[in-house]
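Colleague: Below are the chains, spelled out letter by letter.
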Amino acid sequence: MAYAIEIKDLKKRYGNGFEALKGIDLTVEQGDFFALLGPNGAGKSTTIGILCSLVNKSSGSVNIFGVDIDKDFAGAKRYLGVVPQEFNFNVFETVFNVVVTQAGFYGIPTHLAEERAEKYLKKLDLWDKKDTQSRMLSGGMKRRLMIARALIHEPKVLILDEPTAGVDIELRRSMWEFIKELNEQGTTIILTTHYLEEAEQLCRNIAIINSGEIVENTSVKALLKTLSSETFVLDLDESIDQVALEGYDIKLIGDGSSVEVAVMKGQNLNDVFAYLNQQNAKVVSMRNKSNRLEELFVKLIKGSK
Amino acid sequence: MSTGEIWIAFYTILRREIRRFMRIWPQTLLPPAITMTLYFAIFGNLIGSRIGEMDGFSYMQFIVPGLIMMSVITNSYSNVASSFFSAKFQHSVQELLVSPTPNWVVLTGYVLGGVARGLCVGATVTVLSLFFTHLHLHNLFLTILIVLLTSVMFALGGFVNALFARNFDDVSIVPTFILTPLTYLGGVFYSISLLPELWQNVSMLNPVLYMVNAFRYGILGVSDIDVTWALVIICAFIIGLFYIGLTLLNRGRGIRS
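Residue numbers (our numbering), protein chains in the order written: chain P, 2 to 306; chain Y, 70 to 326.
Possibly wrong hints are sitting among the right ones.
Subject to a maximum C-alpha distance of 27 Å in a straight line, what follows is the list of computed DSS-like cross-link-like pairs (lysine-lysine) [said to hold, decoys possible]:
| id | chain 1 | residue 1 | chain 2 | residue 2 |
| --- | --- | --- | --- | --- |
| 1 | P | K120 | P | K58 |
| 2 | P | K131 | P | K143 |
| 3 | P | K283 | P | K300 |
| 4 | P | K222 | P | K290 |
| 5 | P | K72 | P | K120 |
| 6 | Y | K157 | P | K143 |
| 7 | P | K130 | P | K120 |
| 8 | Y | K157 | P | K12 |
| 9 | Y | K157 | P | K130 |
| 10 | P | K124 | P | K72 |
| 11 | P | K58 | Y | K157 |
| 12 | P | K143 | P | K120 |
| 13 | Y | K157 | P | K131 |
| 14 | P | K181 | P | K124 |
| 15 | P | K226 | P | K300 |
Just so you know, these hints were derived from the structure itself, not from any lab.
If we strip away everything but chain Y, and leave its shape as in the complex, we get (with noise of 0.2 Å):
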């Protein structure tokens, strides 16, 4: 295919992609930004209150840049899990596979699309966030540097986990139990400076740790953990993704037989 060509395939999996989450709305959008909404009132305005400043901020400003990030990487990962294994699930995968399209270009629509259902919601919880607090940027490129690679990192997951994925179980079995207690014991409701050595050394092997915090940092200027490692272990984590994806897409794992 041509340049033009390819361009006009990406832009059609990226525009079905968010077609579809937009259509979807009451599913896709409206569910995180309640859930978020509760957060910030039970855990940063009622509880909050009481536990007092974190970090040298209020605990709902510490929170908000946490809950933010889980909400981004919860829905990156879904959206391409859910609608890639659909597509399987129905055979309209079959409509890609016949035609000429890369499969480089059909992994990288999925991904952005997923990325930009991450990013809408992300923007969703960050304009409600400020119902409850003010917030100020500390460093405006790193925020959105992070918040962009960790949703394509969590999209790239949820591809490889819809091609392994056999029923829909299988595609939420790594949100449930991989996914949420990473992010819970991420750093998002706190530093992990209040744990014990040994748990602040085991809290170091999580990857979401790692981004949840540069986030931080880049919002407030506070961090657990050096940033340039984060950007390290995510744009690793990328490559590593990226290539078992196609790898697995070239070898039709899951999608031909």
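So here's chain P without its partners, still in its complex pose (with noise of 0.2 Å):
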């Protein structure tokens, strides 16, 4: 079975002689819901753009679905939907419009795109907007307009670049729901964020860029196996006056009613839960310091410098 993505030595240098990919190899499994992460100009909306045409590759090759794009883009393309980072729509036109619009440049007739449109735009929570002119949308209302019009014509990877940018708690919830759900019925997801706890959360496997480079390309499991330590914080029922416990890093933070712990590899919490239990403080809660993917990813980036 073709993989959902395949690219082989991906090289790309802009006019300016910036060489924003050094020939990466990259390959996404169809139905996966995959993270390219990286910092700020690591590459990864180079790669994005060059997935999409927006970016015209210097040497390499791309396969989307076994279909070569140097050899019939415009097949390639229909399998893609992108929601790019930057607000890309013409404001001047109303959601509907927008979205309508769209699937006739992939040649869907009128009546399909109308239908579509509705279940989409109803599924975003933006069908009483469908008459609003979108530059009136709020940010995260437009974000979700991008999303239905990636959708309209049906893609079999959705290409997502910081789709939760400046979007509440609550409507990055219920978008990750829908993209989830999405996911479950064979759309493959290609995410980049900088919220890690989401690439944890809701991804697979997980590529991270650097430097126009791939540092890592695993699943999200493998990776955190990885971890060497582990960080925790264990808040108590009350105070306690100290804290030690032979072969841990422990201590007490703040007015000692809670405990930061360093788990290495090979020990476990249940030593500390008995240890504070013969303290009699009771532990009501639990929770990891930082997030673990956040750890590696800092850890990835600066090893690869």
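Can you join these two chains into the complex? Each is in its own frame, and there are hints to help.
Modeller: Next up, the structure:
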């Protein structure tokens, strides 16, 4: 079975001499929920731009569902739906027209385009805004409009470039519920985001790109297993005066009602719970001090420099 | 894309373009109507009555074909230049770039959008001119053919301009500094037979002269140039500009990194 996306030795050098991609190899399986992460200027948007024809590649090959973009770019483009980072619709068009016009560019007949526009605008809570000029929408609504527009030709791969930037928490959750539903129905999702906890929760596979090179390409599970330690914060029912546990990096934080502990590979939290129990301190809640993926991300990016 | 899908994509671009200039009619359709009415009233009626006949017609009748052509040229050009540049500026051109619509369909759609506005304004100006004078058509087929081809040619020019333009100033430079002088010196207001021989020969280098005169021939039956030459020149420009526009579009000039 062909990969949803197969990139080989992809290079991009801009006119000013800047080498944005230094020969990356990347594969995304059909039906995957894939994260492409990297710091600003790492090459994420260039990669996505090449996939969807907004950037000309310098060399290398790109196949989308087995279709080589050099041989049949129009055929390859049919598989892709793109939600870019920047708003890129005609702000003077109504919401409904933005979506239906995009369908026309894919050769979809008007009656079918209107049916689908209704379906996706309702799904994304924009139906009551269908006659509103798109410039009048809020930031979150504009973002959802771009998702509806990207889905109008029912693509097999949906690329989301920073889709939740500037979107409030409630909206972000409902957006992800919808995207997860699409993925469960078979749509391959490729996501770039700065919210790494989103990538950890949603994605199965991940690639980290830095300075135009792929520094990691594996499953989220496998990547998290490489963590050598995790830091937890345990909230106690009452404050305690001191804390010390042999072999563990443990300390009190705040007024003594919370404990921070670093758990290395091979250690486990049961020792910590047992110790706190001996101190008559009950743990009422527990959380990761920082996002696990974030720790790895920073480590990998630093390591690749 | 199949033929049916290509037709839908083409129709979508054309419909969007027509919807755009209709939506902003006070900016697109009204100004040329007002400007041309002033031309008819001042140059045709007031000044024209003192000029007398030109090539056997009243001055008003003489300038009407030129003024119609002038409005068609300006509006065909500026519609495509401003619409495509706005799409670039707002990045909404990416909607087309990510789609499978072939570049020649994009080019044709935008150009015919410009032609639609050019013809719309041309028809409005023609109707307005009938309030000031009467026109008889010498050759209907030639009149329609010339106005159509000229409109296509300048719409293509507007597209190439928009591809190169990096800001709104770049969109207005060509109409202001090239198109307007060429049109005014292209025999809209006078017959080049009034000029000294040297300037007659220089005028022959102006392509707009051929279009204005061929159109005037279609309406009045008089022309300073051979109409066949006009058709050859317009067709050559259309082929050349279409090739340039499509090549630039395929390379992604001004629209792809």
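Colleague: Which of the numbered hints are not met once you compare them with the structure shown?
Modeller: 1, 3, 5, 10
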